[in-house]
Amino acid sequence: MQEVEQGLVTPGRRLRRSRGLSKQTWTQIFVVVGSLAIYALLVWTGTIEQLLGGEITLDDLGAGFNTLTTIFLGIFIEAAAFLLLGVLMSAIIQVFITADMLEQWVPKNRLGATLMGCMMGLIFPVCECGSVPAARRLMAKGAPVPLGVAFLLAAPVINPVVIASTWVAFGGDPWIVGGRIGLTILIASVIALVFSFHPKSRSLLAPAALQATSAHQDCCAPGVKTTWGERGRAVAAHSSTEFFEMGQYVVLGAFLAALAQTVIPQELLLQIGGNPISSVLVMMLLALILSICSTVDAFVALSFATTFNTGAILAFLVFGPMIDIKAVLLFMSTFKRHAVVLLVTLATLLSFLTAVWINLNVG
Amino acid sequence: MAYSPTPIHDVPDHRAPSRWLPLWQAALIGLTGLMLLIKIYTGTLPLYVHTRYTPLILGTGVTLLLLALLQSWFTLRSPEGVHIHGHEHGATSWRSVAMLALLVPIVLGLFVPSRALGSAAIDTRGFGTSGTGIRTVQSVAGESALIGIPDPTQWTMLDWVNALLYQPDNPRLQGQPIEQTGFVWRRGEMEQSQFILSRFVLSCCTADSLAIGLPVVWPEASALQSDGWVRVRGTVGLANVMGHQEAVILAEEVVPIEQPAEPYLYP
Numbered sequence: 001m002q003e004v005e006q007g008l009v010t011p012g013r014r015l016r017r018s019r020g021l022s023k024q025t026w027t028q029i030f031v032v033v034g035s036l037a038i039y040a041l042l043v044w045t046g047t048i049e050q051l052l053g054g055e056i057t058l059d060d061l062g063a064g065f066n067t068l069t070t071i072f073l074g075i076f077i078e079a080a081a082f083l084l085l086g087v088l089m090s091a092i093i094q095v096f097i098t099a100d101m102l103e104q105w106v107p108k109n110r111l112g113a114t115l116m117g118c119m120m121g122l123i124f125p126v127c128e129c130g131s132v133p134a135a136r137r138l139m140a141k142g143a144p145v146p147l148g149v150a151f152l153l154a155a156p157v158i159n160p161v162v163i164a165s166t167w168v169a170f171g172g173d174p175w176i177v178g179g180r181i182g183l184t185i186l187i188a189s190v191i192a193l194v195f196s197f198h199p200k201s202r203s204l205l206a207p208a209a210l211q212a213t214s215a216h217q218d219c220c221a222p223g224v225k226t227t228w229g230e231r232g233r234a235v236a237a238h239s240s241t242e243f244f245e246m247g248q249y250v251v252l253g254a255f256l257a258a259l260a261q262t263v264i265p266q267e268l269l270l271q272i273g274g275n276p277i278s279s280v281l282v283m284m285l286l287a288l289i290l291s292i293c294s295t296v297d298a299f300v301a302l303s304f305a306t307t308f309n310t311g312a313i314l315a316f317l318v319f320g321p322m323i324d325i326k327a328v329l330l331f332m333s334t335f336k337r338h339a340v341v342l343l344v345t346l347a348t349l350l351s352f353l354t355a356v357w358i359n360l361n362v363g
Numbered sequence: 364m365a366y367s368p369t370p371i372h373d374v375p376d377h378r379a380p381s382r383w384l385p386l387w388q389a390a391l392i393g394l395t396g397l398m399l400l401i402k403i404y405t406g407t408l409p410l411y412v413h414t415r416y417t418p419l420i421l422g423t424g425v426t427l428l429l430l431a432l433l434q435s436w437f438t439l440r441s442p443e444g445v446h447i448h449g450h451e452h453g454a455t456s457w458r459s460v461a462m463l464a465l466l467v468p469i470v471l472g473l474f475v476p477s478r479a480l481g482s483a484a485i486d487t488r489g490f491g492t493s494g495t496g497i498r499t500v501q502s503v504a505g506e507s508a509l510i511g512i513p514d515p516t517q518w519t520m521l522d523w524v525n526a527l528l529y530q531p532d533n534p535r536l537q538g539q540p541i542e543q544t545g546f547v548w549r550r551g552e553m554e555q556s557q558f559i560l561s562r563f564v565l566s567c568c569t570a571d572s573l574a575i576g577l578p579v580v581w582p583e584a585s586a587l588q589s590d591g592w593v594r595v596r597g598t599v600g601l602a603n604v605m606g607h608q609e610a611v612i613l614a615e616e617v618v619p620i621e622q623p624a625e626p627y628l629y630p
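If you read the protein sequences in the order shown, they are chains A and B. Those letters in the first sequence? Residues 1 to 363, per the working numbering, in order. Those letters in the second sequence? Residues 364 to 630, per the working numbering, in order.
Only chain B is shown next, with the shape it has when bound in the complex:
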């Protein structure tokens, strides 16, 4: 288990064995930075963190790459043992798990296909319409925020969920035309003709995400693939969903679409 890159007695000169340590550190730090930059370049960063953090992550990636380059340059250039000796009693040694830990995010980030949170995550993360969702953020912040956008056709799904939360049968909203996108989520106990059009709401990163959704009534609902993204056009109505009278979208058209580049909503 104990791994030492070069046994001491073979190398009388002691800076040789420790030189690989800073280089390995530099490699992993550089790859971490590269992973962040690749996430930004391929446009997959919004699957993990709020878009407002993109500049911060860009800065982080560039700084990590710079650190890695500086570290390797100094290590390779310096023929003396002085600063290498400085690292020797750093807290990391070859036997530490730290040597491999950073490989986990690097491998997951670079080699595992990026996926947005989907149906599976709703099962454990809770669901906005069950009474504890992030949707209350705006309700608490003031209903006026919603009334601030007088035209409901401009509303995001978060606005709709907020607006319908306390008064599903609001006469001002019943019968309104509505067009929303989201992914398909359903539960066993739902009727064949129903599904929930869902989105995740993110404040910071995926750790704080919470699902919200609007039930949809659509005769061919059962033909839709779970987790698939759709655009739903219809009107707001009322229906019995899992035993509750809820505001729903009475769909006139459901079109499968590609997952949007920014799949999450921001409060």
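So that you can see chain A by itself, here it is in the shape it has in the complex:
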């Protein structure tokens, strides 16, 4: 399935499709069943702390369920709002930006496209839940993959809201604010360039990401007459399909994050993070688990500012918006699995190395 799937549904294709479950579906089922099993196990045995201390009662179980539910709904409600904003942004791109415009505006060389991707968050302010649908739509419209990847990774930080909240939280500390912006652009660019050197970079996209738009080209392609009613219908249909489709990743991500927060004592993590290297690791792990929206993560990072060194705080602020549990799951809607693995590995390594370098040489 390397080529773009065209929108025609023939009975033949349909029959082919209905033969057994796709690999992706199996993965989803595996993840859901797996996490339910882990959940059951952990709830029954209590939190890790209780595990070590022994003695678990039915009350603990109920309390654990309440905590899990409250954290899950907190993440979900917040993420749903920002996801919807991203989906609407994606619908606007869909209806008002044509492939021709992208052709015209986007620089032809990979470096230009990458840098443009890094900066587009300034025009389309989205956090990490919103950047995925928007980036996906841009790439489906024909924007080069490096632009999409750079936008995906950088937009949650390189946007007015997040820069302002970081500035406010850290009282204008130029090292943190500048470091966050600089490192994000650096890491997003490196990863985008790596992707751009793939001989067939579009083959890294998940079929669903390309399909997301092919339907629409039928009715809104240039030369095809479209009424406003049809456009409105298209926006409604695409927004709801996209929200629905990405909603599953948000649900799963919010659930895993809430689960991790319910059972892993954070004090344990903080006790480990003493030296320049382990502190970076701990803050990255924390960013991954907490899955906090990038618009407010600066305030959370601030609460660790007295405990951790600059590199570790920057790792939290740079790595968190790119990679957290729900973001990684959302990536699955856009990239093939091996591309997601590459993306996550590169982002993790680069964040870790740059943060440790800062700890050893600057902080």
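Covered stretches of chain A (chain B as the covering partner; in silico rule of three or more C-beta atoms under 8 Å from a C-beta of chain B): (1) 63-75; (2) 235-245; (3) 253-259; (4) 283-296.
Think of the hints as simulated: they come from the structure by calculation, not from any bench. In this text, a Cβ means the ideal position worked out from N, Cα and C, and glycines have one as well.
Got chain A sorted already, so can you dock chain B onto it with the hints?
Positioned in the frame of chain A, the structure of chain B alone reads:
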């Protein structure tokens, strides 16, 4: 496992089987929006997210409902296969887990009683007074923020925790009258006459919450129910809490109260 609502060979007309898909999507999206609106209507939204996001969540709920209505209206109204054909190759199909995923927040949001974070959450989320709490937010932002409110009787618990953090025996604060509300949290190793009056501090949503607290000395502390909300009136003093000399509330009165509508503090 593979579920197809209507086998193709039974229905020669292919738009019929796919019509249910957009309708089901619309139903779940609409219910998600409805869940958000119900949370706002019943006043339970502050248990999950910062109150400053209420307008955003309201907008989200209304937009989701609108999307759902539009989607179902277009689907039901259009007799042609044109746009339904458009959905057919959308990434979702009946076999996808996506079909059920959104049911999880809908069911948890609509049918499970809303609960604020309580004692159980402190055990894993860490506790402000142990040295890593969000309380440092304001300490870093400047002690002047606290001195900005000269009258300590107006202080929130966050202000108190901030003020007492670096100097528990601050002579300006010792002996001050204090009245605070919070929920009861205790640990096994604490004395019978002590508990910690706790609150959660939220920056955005419950994912970033952190507990803060003030130890209270009250002879009848052991009679208080864990997690129950109380109002404590007393004076600031010093006592040995779990092996540390800490600023505490020497309580004169502890009254059980209802959980406030907004149980969290905001930095």
